[in-house]
Amino acid sequence: MSEIKDLSALEKVKVVSNGLRGTIAESLTDELTGAIREDDQALLKFHGMYQQDDRDRREERAQKKLERLFSFMIRLRLPGGFLSADQWIALHEIAGKNTTGVIKITTRQTVQLHGMLKSKIKPTIKAFHLAHLDSIATCGDINRNVTCSSYPTDLSVHEEISSYADKISTLLKPKTRAYYEIWLDEEKILDKKSEEDPLYLDAYLPRKFKIGIGIPPNNDTDVFINDLGLIAIVEDNKLLGFNFAIGGGLASTHGNPETYARLGSVIGFVEAGEKTFKAIYEVLTVQRDFGNREDRKQARLKYTVDRMGVQKFKEEVEKRTGFTFEETKPFAFTERADEYGWKKNPSGNWDYTLFVENGRVLDEGELLLKSSLLEIAKTGKVSFRFTVNQNLIITEVKEKDKSAINDILEKFKLIEHTNITSAIRKNSIACVALPTCPLALAESQRYLPSLITKIEALLEKYNLENENIITRMTGCPNGCGRSPAAEIGFIGTALEKYNLHLGGDHEGYRLNKLYKESLGETEILSELDELFADFKKGRKKKESFGDFTHRTKFEN
Amino acid sequence: MLVEQKLNTLLELINTSTNDELIWINGYLNGILAKQTQKEIQPEVKKGINKITITYGTETGNSKKLATGFAAKAKKHGVHAKLQSLDQYRLNDLTKEEYFLAIISTHGDGEPPAAAKKFYDHVHQNGFKLSKLKYSVLALGDTSYPLFCKAGEDVDEQLNKLGGNRIAALQKCDIDFETEADEWFDRVINSLSESTQSVPQSVVAPALRKSPGKKIYTGKILTHINLNDFDSSKQTFHIEIESEEVQYQPGDSIGIIPENKKELVEKIIALTGIDAEKNIHYKDELISVYDLLHKKLNILNLPERVVKKYAAIIQQEIPATKIDLIDLLKIYPAKDEEQFTEVLKQMEATAPRLYSISSSPEMHPGEVHITVAKNCFSVNGEVKYGHASEFLSFLNEDNELRFYVHPNNQFRLPGEDKNVIMIGPGTGIAPFRSFIAERDATGASGKNWLFFGDQHFTSDFLYQMEIQNWVETNLLTKVDTAFSRDQEEKIYVQHKMLQKGSEFFEWLHAGSFVYVCGAKDPMSVDVEKTILKIIEEFGERSKEEAEKYLFDLKEEGRYITDVY
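Chains as they are written, first to last, in the numbering used here: chain A, 483 to 1038; chain B, 177 to 740.
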């Protein structure tokens, strides 16, 4: 990388940011606006926040001579998605006090809160800090929250694998103290040497970086959609190490053929322990040094891998680690879904996986999800784990406490809620989109539930209501809701218009393809009606809907 | 008559002049003489009268301005005038007074200004005699109010009852008071100069001339926006009124007479059975019953004096209380249409409400903008709205609105190079929007510092985007905001002033003009206390010195308030 090219504007912002500080402190004290300065908005992401505004309200507020209703989304760093009961209580209270109150479980196994005003950022982060929670590096051009499969086959191994999520997160955390200084009033560091960051240097990564750990046979973490997917290889209840899959990523841009969704390429196996950490670290340094810093739409690892070639990339990593990848160990994913309801885990304790539509924890109508979870947390007899499918596991419930927890679930009708929810709804994901996401072209989480209701009726018509069809919707092609990795994918193109994608497999090995462009609801339903009819008639034994549409629509 | 030298010069001039020149000289001298005669008509004040007291009770500063002018004029006549604000006046001195003038305005429903309240109450007490007192009262008011110049009238009458003798009859002035006020003072001086001891008896004030300055405009509503967001507890309307001919200056207000709600008018008509189309004589005009009730009369919260008249007409005992006309009609119905017509004739006209203009004639030509908070209060647990603000809140674009301009000559921008500090929380922002826009349009070079406050940042930041633009273009040098309910402890503009105390004092000391607009109590009181504190603390002065400093600011016209 000796040639000098024009760096993207953001690259300069990062370099001159003085360890991600920028002028965030000054932006915070500006009383005239609820926004922060433009350059600081880019830096704020590294602190786990996005500036957003309520797009529904723009026009009306402009009439009132009021600026846009700016607020901030804050996302927690929760490697493996684990939260103690006390932390849940703290989260509950902070959400109610400083944000919209809705606790949103994300597709990266963490939670985010929306609608936090500028003046509430510091109090929020301080309150999280007291609960031993932070939002460091959950957004921005840096390693984000590390996900880990929620469904262990063996407890001791699961704990061990989970601890990798934690350790990787710590290993790849930025060294700057900016977060502590700006938000927690830690004293300014005079000796900048202690902040030197050999991994991120001063320009961080060219683009976001996602790491996920999958434990076969359940690919609940969608391991191949990560920049770096780690597939745990367990033999005789012992963790041997990980197969590395590099270059996954789902984002693309409408009308830009240079951009595309891509699943990770498995490049080999690394034994557990130091070698694994070393290899992970150097995958990042290769991306840091070889990634595209001129065009952010070509900056993700997947493009670096494709530009260099998988083999070349692998060799560069090996050069840096000083050891070679071993041959990929065999593995098999057979499922990619959450296991709802009570499950005894290998330690003898119980887990209850609760269906949370679109990951939104709130009290709405009859369904008092948020109140019930608070009551459960207050028993102090549980822990919580989020799933990558935006659901919630009440975990570590001892045999003797199970009935007490079950009583609360019964009281709030949550068991009934989870049981009666259709298979297709349980396998659906929608991103946030309107009104807060600045990228959204169409509705998503505000729309998908009602569309699912209509799809349910179609499925019933063909007695297909028990099919676990994975349906995902995103308001843009950026892919937060992993729509390219769904059996039915809806990708927003404009208000009330969606591209219909079909043919993704059920286990997460194959992306879907564009089937029809820019459909309105009526067209979506009539297309699906026809497809379900064909599926009913023409499916092979045990063939999934994704495989069926792939075979019939794209293979010929 | 002339000394010899002068006479010789004159004769020489005459002898050397042509006939035409003599005619011209003759005319020239006549001209000079005519001018001198005018001057000499101004009487020498009688010997022995060398001291008069001129007092004023002011709310907006008009009375004070007049009083100051009169004191200077008196001096020219060889009379030393002691000038004093009525709130500073030692009440015990009244019995010792010989020549005493009071200039007093009237506010709201016949109230004296706060500064004259003690004096007003004092002269309404018995137990002392003012046998020596020779006095005259100049009353300022607004003919749009039913109790026009009432405070001045009361003072005039009470001083007379207490034994005082009028030097000149009470003079009542409308909002364009200058000419009539000058004439009154001339009469006063004239009376003092008359050789006879005759003191004018109680006389009726000269008939009021129709105020030439009070022009009624009819404007079209161009824009009508609630500036507060939907989740605010407040509603503040930004109303733009189109009027090509309107003339005003930044700092002025407009007066608006609110109309009564049609539903209420229709209820009254139905209740009384009166013919809505019937024309009746009200004061000087012929007007239909409907229009009278809809546009003219105050039918809400009738004052006791109107209730008394009502009782007299329908010949029933009615307890003295404030009550709406509709309720009065329900409880004590009028006998017939004729009786109700009589009631209508005895009713008072709706008083206008004043709103500070928030536009600039330079920036918004042909338009007048106002900023109106919907006044909301609770009576016995029932939510009620201020009549005028409710009326204005229901207007729609394209509606017509009648208004007049109420000048506020005290509240004016200083020279273009002077720095100003503007403290205007809530609708107090209105005249400052006018000031800033004016300075923007005229390219004034002075620095501008704005203090604004309200309840919530996200929903109540009035004119937020305009203020942001003014900051971006450096028109506003500094802005400090205080949103009282965004945190546990209440933060108001005065807290922000104190926070910036050092800089505030620097500005002050460098000659800045300070303006305060908005709620009188507690805002303006707290702001003034804070300014004193800033002078003490950051100007390193004793309490007394700080008070003197502030007093001087007021005297210099550098601390100006428009509070309500």
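Source of the hints: derived by calculation from the structure; they are not laboratory data. Fair warning: there could be bad hints in the mix.
[As the list claims (entries may be wrong)] Chain A is faced by these chain B residues, among others (derived, beta-carbon under 7 angstroms):
1) S369
2) T399
3) L403
4) E642
5) T657
Only a predicted model underlies this, so the values are computations on that prediction, with no experimental measurement involved. Using N, Cα and C, we set each Cβ at its ideal position, and we do this for glycine too.
Check each numbered hint against the structure and report the violated ones by number, ascending.
Per hint list: 1 and 2 violated.
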